[in-house]
Every structure is written in structure tokens, then in C-alpha cells.
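Engineer: Below, each chain spelled out in residue letters.
Protein chains: 2
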Amino acid sequence: MTDVAVAGVGMHPSGRFPHASLKDLARVSVLRALDDAGMGVKDIQAVYSSNAMAGLLQGQEQIRGQSVLREIGIERVPVVNVENACASGSSAFREAIIAVRAGVADTVLAVGFEKMFVDELNRSLNALETAADLDVVGGLGLQFTAVYALRLRKRLDDGSLTLQDLVDVAVKSHHNGSLNPYAQHRKPVTADQVLASRPIAEPLTLLMCSSMCDGSAAAIVTRADLPSRTGKPRILVRASAAASGFTATETPGPSTATGCARQAYEEAGIGPEDIDVAEVHDAMAPGELLYYEQLGFCEPGGAADLLRSGATAIDGKIAVNPSGGLSSRGHPVGATGLAQISELVWQLRGEAEGRQVTRPRMAMAQNSGGWLEGESAASNVHILERTDPWN
Amino acid sequence: MTDVAVAGVGMHPSGRFPHASLKDLARVSVLRALDDAGMGVKDIQAVYSSNAMAGLLQGQEQIRGQSVLREIGIERVPVVNVENACASGSSAFREAIIAVRAGVADTVLAVGFEKMFVDELNRSLNALETAADLDVVGGLGLQFTAVYALRLRKRLDDGSLTLQDLVDVAVKSHHNGSLNPYAQHRKPVTADQVLASRPIAEPLTLLMCSSMCDGSAAAIVTRADLPSRTGKPRILVRASAAASGFTATETPGPSTATGCARQAYEEAGIGPEDIDVAEVHDAMAPGELLYYEQLGFCEPGGAADLLRSGATAIDGKIAVNPSGGLSSRGHPVGATGLAQISELVWQLRGEAEGRQVTRPRMAMAQNSGGWLEGESAASNVHILERTDPWN
Chain W
1 MTDVAVAGVG
11 MHPSGRFPHA
21 SLKDLARVSV
31 LRALDDAGMG
41 VKDIQAVYSS
51 NAMAGLLQGQ
61 EQIRGQSVLR
71 EIGIERVPVV
81 NVENACASGS
91 SAFREAIIAV
101 RAGVADTVLA
111 VGFEKMFVDE
121 LNRSLNALET
131 AADLDVVGGL
141 GLQFTAVYAL
151 RLRKRLDDGS
161 LTLQDLVDVA
171 VKSHHNGSLN
181 PYAQHRKPVT
191 ADQVLASRPI
201 AEPLTLLMCS
211 SMCDGSAAAI
221 VTRADLPSRT
231 GKPRILVRAS
241 AAASGFTATE
251 TPGPSTATGC
261 ARQAYEEAGI
271 GPEDIDVAEV
281 HDAMAPGELL
291 YYEQLGFCEP
301 GGAADLLRSG
311 ATAIDGKIAV
321 NPSGGLSSRG
331 HPVGATGLAQ
341 ISELVWQLRG
351 EAEGRQVTRP
361 RMAMAQNSGG
371 WLEGESAASN
381 VHILERTDPW
391 N
Chain G
1 MTDVAVAGVG
11 MHPSGRFPHA
21 SLKDLARVSV
31 LRALDDAGMG
41 VKDIQAVYSS
51 NAMAGLLQGQ
61 EQIRGQSVLR
71 EIGIERVPVV
81 NVENACASGS
91 SAFREAIIAV
101 RAGVADTVLA
111 VGFEKMFVDE
121 LNRSLNALET
131 AADLDVVGGL
141 GLQFTAVYAL
151 RLRKRLDDGS
161 LTLQDLVDVA
171 VKSHHNGSLN
181 PYAQHRKPVT
191 ADQVLASRPI
201 AEPLTLLMCS
211 SMCDGSAAAI
221 VTRADLPSRT
231 GKPRILVRAS
241 AAASGFTATE
251 TPGPSTATGC
261 ARQAYEEAGI
271 GPEDIDVAEV
281 HDAMAPGELL
291 YYEQLGFCEP
301 GGAADLLRSG
311 ATAIDGKIAV
321 NPSGGLSSRG
331 HPVGATGLAQ
341 ISELVWQLRG
351 EAEGRQVTRP
361 RMAMAQNSGG
371 WLEGESAASN
381 VHILERTDPW
391 N
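Quick note, the sequences are listed as chains W and G, same order.
Every letter in the first sequence is one number past the one before it in full-length UniProt numbering, and letter 41, counting from 1, is 41.
Every letter in the second sequence is one number past the one before it in full-length UniProt numbering, and letter 300, counting from 1, is 300.
Worth flagging that the hints you see were computed from the coordinates, not collected in a lab.
Check the hints yourself; a few may be wrong.
Covered by chain G, according to a simulated footprint, are these stretches of chain W (three or more residues, beta-carbon under 8 Å) [said to hold, decoys possible]:
| no. | segment |
| --- | --- |
| 1 | 43-55 |
| 2 | 58-69 |
| 3 | 82-90 |
| 4 | 100-106 |
| 5 | 170-180 |
Lysine-lysine pairs mimicking DSBU-like chemistry, simulated, CA-CA at most 35 Å apart [unchecked claim]:
| no. | chain 1 | residue 1 | chain 2 | residue 2 |
| --- | --- | --- | --- | --- |
| 6 | W | K154 | G | K42 |
| 7 | W | K154 | W | K187 |
| 8 | W | K42 | G | K154 |
| 9 | G | K317 | G | K187 |
| 10 | W | K232 | W | K187 |
Small disclaimer: the values here were computed from a predicted structure and weren't measured.
Beta carbons: idealized from backbone N, C-alpha and C, even for Gly.
Full structure from sequences and hints, please.
Structural biologist: Now the structure itself:
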């Protein structure tokens, strides 16, 4: 199987951009990724585009990617539009990797984009609801926030997590986000502020939750044996794992993320102890704690101890969400998986100014999307490696 | 690169099915494809689902495939939702092939489904419009029908096609459709009936055009070196080519289909003279004539002669659209590309009862989708081969 490298990444900052169209957002991330890779539009041989809700939010279905790419001047090459709820971005990234592995293209672009701020907040909320099967949950108002709340409530009840842990991980996320120029929420917050913020779904408060967000992110993958166009450190894709439908309501049962992470570790031939930095899917900041266990960063039930030890801080042994994660960096749904990849590439290269993890070598991105009666509809785990030595 | 075979195909008939949900349609085609391959749900290792408009027509975005597959009992495996306008189905088929070629899965399902008959016809028409960039054509009412009409008008004006040719190819499509139990339009029509039917966009009349349609189709691809579970003839994928954005308004200029077909011939190491049967993208029946030239079945300008010679009839040298094509078999958008594959697999195996082409060995499917100011947004050409001798 052909080895695959990440040649370039790029992001549009996350936030509210009333004067930027979906195309404007995507264009910025693609042009930045091309520039980062030392490439031009003619170098791209295939494109996977990811978006979750433009059909409902902008009315544009069917050719979302093409309408964006034409404006950039990428044309004639195969374009496939990928949709997988909150895991859309990592699904596009994975398809790009598979295309290079299959030998159908040497250089492939994955680009994700989402514009959630529209004229009416209710339209965005209704569109978000389509990440679940409408025949099952349509009209129930059971948003993701409530699903996270139920999972966390259970852990508070069994005593394996405290409310203070939930608050502390949100403070950590906001701290990290405050250091990231691409983040939506860039103000550090105190524990008191988190606790005093508006209740959303008990035990979650406003400052624990990701919010509506516009944004875009892109990555370019290539055959690893192609010469680099830049002097930047080489970033290899060591694993690309995907799954759907593992039972995700039980912790530490075999969640989608757990199943995916096991596949990824096996593919890379490493274990969780080898990961130096991770971006995980914390649509609600305390979700990060559940992923510590599901990804094997600690034993089941050990999340609170791991957080309290400081090991997951930027200067810890295994830095988690140095970008601020979904809850602070932002969660522009179709772009999120690629925003994680962008952050990890910067971290592995030593380019994450102000929030740089110390000389990381191995990085993990975990992105989940959608749900079907308590099961995740899509989950992807990627492992990236810096192969050049740090000097 | 791993050789890929088509192990099984299945279809739900095309037409109007007010009592069948999108899930009902998809379930039928998937269960039939599994049965055809001699497989069960546990044999499927990954799924690519294709749909063009459920976000706008059924309100279900983000996890279209998962919501359908769970009901069938296919779970835990990676599911990617693919959207590419009228080429969605062949895009999902191509991704399934790429996944097997890359070695990430041995057995992959591609399933396409669409339900265009909804409460209000206008909703379907508006949804169809999203196959183009809404920022460019939104509200113009410039549907595909008009695009085909403009292309054909030009050919009538330069004298290389006559109105009678347009009528005759529609009569041929309806004749073939009348022989196909999966077809939407199953009544043969006369030339007089075609001419007398309601004008849609001059020179196109109603009986030349595809119509609103519900339907679903599925295909299962595997490593070609896996033993067959059935005694059916082996069908190999000899080429899978994709492109977007070639200028498609000029005929016989380098259209998307032309570019794609050239790639496919090169990949398969054959030429147009080797194709025995083809399913081409005749959303309007006379479009078939343009594809004769674009796919190399005749010289530029030679379409009328090829049709008049009878070579593209079911008993001709190169049978085109024996199923009735999009205009008669039906055009359930997200399923169409896989309906073409289903028909060709049946033809190559000798299972196309009543419309069987004589002992075909090599088959071509050509599926196009969307448009951007006169350019196709997505185009896929596949070549399939029957490797077993006919006896």
C-alpha cells in the first residue's frame, strides 16, 4: 500500500463572518493549503469536499464542492462531495488518503466548509437535528447537547467524575483557545465563570459547549515518496480508521471511538502511550474526559485523575486539544475534522506558535458524527507522524 | 493495483411509489444485491451511499446512508455519504472500487436512492435546480431540459441531426423500456405520439424527457481474486474514470464525457470498437445521440448515421440503453448511476430477459451530473467485462 503524507494544510478562522459566503470561507482555506504545500491549483488531481448542512442552510445541494472549487480555478479533476454529519471533514480526509493509496491520484485535496450563522437561529438548530434519523427523533428536540449531558450525568452519578472536573476541562479548552488565532472563542475563562454561565442541559453550562460557527479547513495529501515542495518537516499518515454504529452510550464500553482507535493503533503498530498530542471531538468540553478513556489515554474511570495530573495540558505528556478543541476553537461542522488535521500538522511541524506542544512526534485526530439511537453514525481516527528528527 | 469485480447488483423498480419511503426503496435494492451476490449483511465491510436531494426533499441531511442501512442491519462498518448531482450513483460506485483497490476493504456496498415525488412538484423542481451553482443560475428557471434543448437545437441548425432522429431515438428508448420490468415508462410509443406530445423546451417534447422518479439501485464490489459465492459469470471492473469541468457545450469538442471515456479506454486498454453494450446518460432521449460521438461510438457528426443503421438497437453491434435509459427506465437521480451498472451486469451475465443483447463481453456506463455555466460538474465512465466465455 502506498504511503501517504500530508503536504499542506490551511484554515479560515472559525467564528461569525456575516460578510463571507460559503465560497469565501472555502477559498481561504484551500489557497492557504496550496501555499503551505508549495503547490498551485494545477497540482491537484482530485478533490473530496465536505459539508454537512448547506442543502438546508444555503439551499445548495448536489454540487457543493464544485461550486466552490470553480471559483478557485480547480477544474476538470474528479470532485466528490462527502457528507457525514460532524465527521464529514475527517471522512473527506480519509477518502483523499484512500485515493492516493489506491494509486488513482498522487495529490488530492480535502476541503471542508460550513456556514451555520444564517438569518434565523431556528433554521440552524433544525438543520443540526438532521445528524440523527428524523424518522426516529424528528421533532423531539433532542440535540447533541442533551446526548452529551446524559452521558456525563451518568458519570457524575457514579462518582467517577465531579462537576469540578467538567468545569476544569472547559477552563483548559478556553485557555488553549485563547492562544489560537484561528479559534472562535479567544477569551480565557475562570471556573466561576463556567459555573455561572447559562445552564444548557444539566450539568452542561454555556461555556462548556461549542456554538454556531462559520469556518473552513483544508488538507492536501500526496504519495509520501514524492519530493516535498517545501523545506517543512514530513508528516506521514500512519493510520486512517473508520467505523459507525458501535454502541457509544456506555462508557467505557466499546464506543465507536474506542473501536476506531483500536483499529488505528493496530494499523500504525503503536499504542496510546506513543501519542504526544491529540485533537478529540469535544463538541461539549467535558466530552474530552470521556475520550481520554475511549482512546486509551488512561484506564476506564481514570479520566479525572489524568486531567488533574496536568498530563493533557499543552505542556503535559499527552496534550489534548491544544487548539481549544471544538468547544473553543469552534465547530463549523463540515470543516471540523480538517481543522483537527490542520492543528496537528502545525503541532508536528513546530508551527503552533503560542500553543506549541514540546517536540511532538505522533499525533491523533478523533472525529465523530451523527447518532442513531445512542450509536455514533460515523467515526474516524487518524494517526499522523513527524518522521524528521527535532533539532 | 487490486482487480475489482462486481459480485452482485439489485434494483427497486423506478416509478412513483407513494407508499414507499426512501428507506423502503433502498432496502429493496440492497437486499436484492446481497441475495444476488450470495452474501449477508455481515459480509459488507464498508458502504458508500448516494443521494442527491434528500436534504431538500425529505429534510434528511448529514447521515442519509446510515439512517437507511441501520434498518437493513448493516452497522459498525464505515459509511460515507456521497453527493454528486445526477452522477451521485456512479460516484459512490467509483469510491467503492477505489476502497477495494486501496486494500482498505474486500467487499464494499454502493447504494443509491432518491424519492422525487413529494407533496409539491415545485419543491422537486427547485431541488433539481441545485445541480447548478445557485449563485449563478438561482431563480433563472434554467433546468437541465433547457440545456439539452440548446445543445440539440444547435445540431438541428447545422443539419447534422434532424428532428426525425430525435424522435426515432425516443421511440427506441420507449421500446426498450417497454421490455424492462424495472422501467418507469413501459409503454411503447410511436413517432407520431412523440411529436404530438406536449412541447417542453423546443425541440424537446414530453415523450423525449425523463421525468420525476422514485427508485434505488445497489452494487456490491469485491476483490476479483475472492471466490464467487454464486455460479454466476464473473464481471470485472476494467476501468473507472472520473472528471469534472470539461467544456460540455461544444460537440464534438472535448466534453466531460469525452475526456472521461478516453481515460477509461486507456485504463482498460481497449477502444470504442470493443464495447458491445452501453448505458449512457440520456436525461433527454436525444442526448443519447450526442454521446454516440462523445464516447467514440462514431465519428463526430456521425450520430444520425449510427442510429439510422440500427447499430445501437438491442440487436445491433453496439446496443445503447437496452434498459430504456434515463428517459424510459427512469432517472431517480441519486440511484441512476447504479441502475446503469445493474443493467450492464445483467446484460453481461445474460440475465436481461426480454431485452438481452447478444452475448456481450464488454460494457460501458456513462453517468454525468450537474453543470457550471455549460460545464458538467461530475462525470464518471466505467467499463465492465465478462471474463467467462459464453457457451
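Engineer: A separate judgement is required for each hint: does it hold in the structure or not?
Structural biologist: Now the hints, each set against the structure:
| no. | hint | result |
| --- | --- | --- |
| 1 | 43-55 | holds (count 4) |
| 2 | 58-69 | holds (count 9) |
| 3 | 82-90 | holds (count 5) |
| 4 | 100-106 | holds (count 4) |
| 5 | 170-180 | violated (count 0) |
| 6 | K154/W x K42/G | holds, 32 Å |
| 7 | K154/W x K187/W | holds, 30 Å |
| 8 | K42/W x K154/G | holds, 32 Å |
| 9 | K317/G x K187/G | holds, 25 Å |
| 10 | K232/W x K187/W | holds, 31 Å |
Of the numbered hints given earlier, the model fails hint 5 alone.
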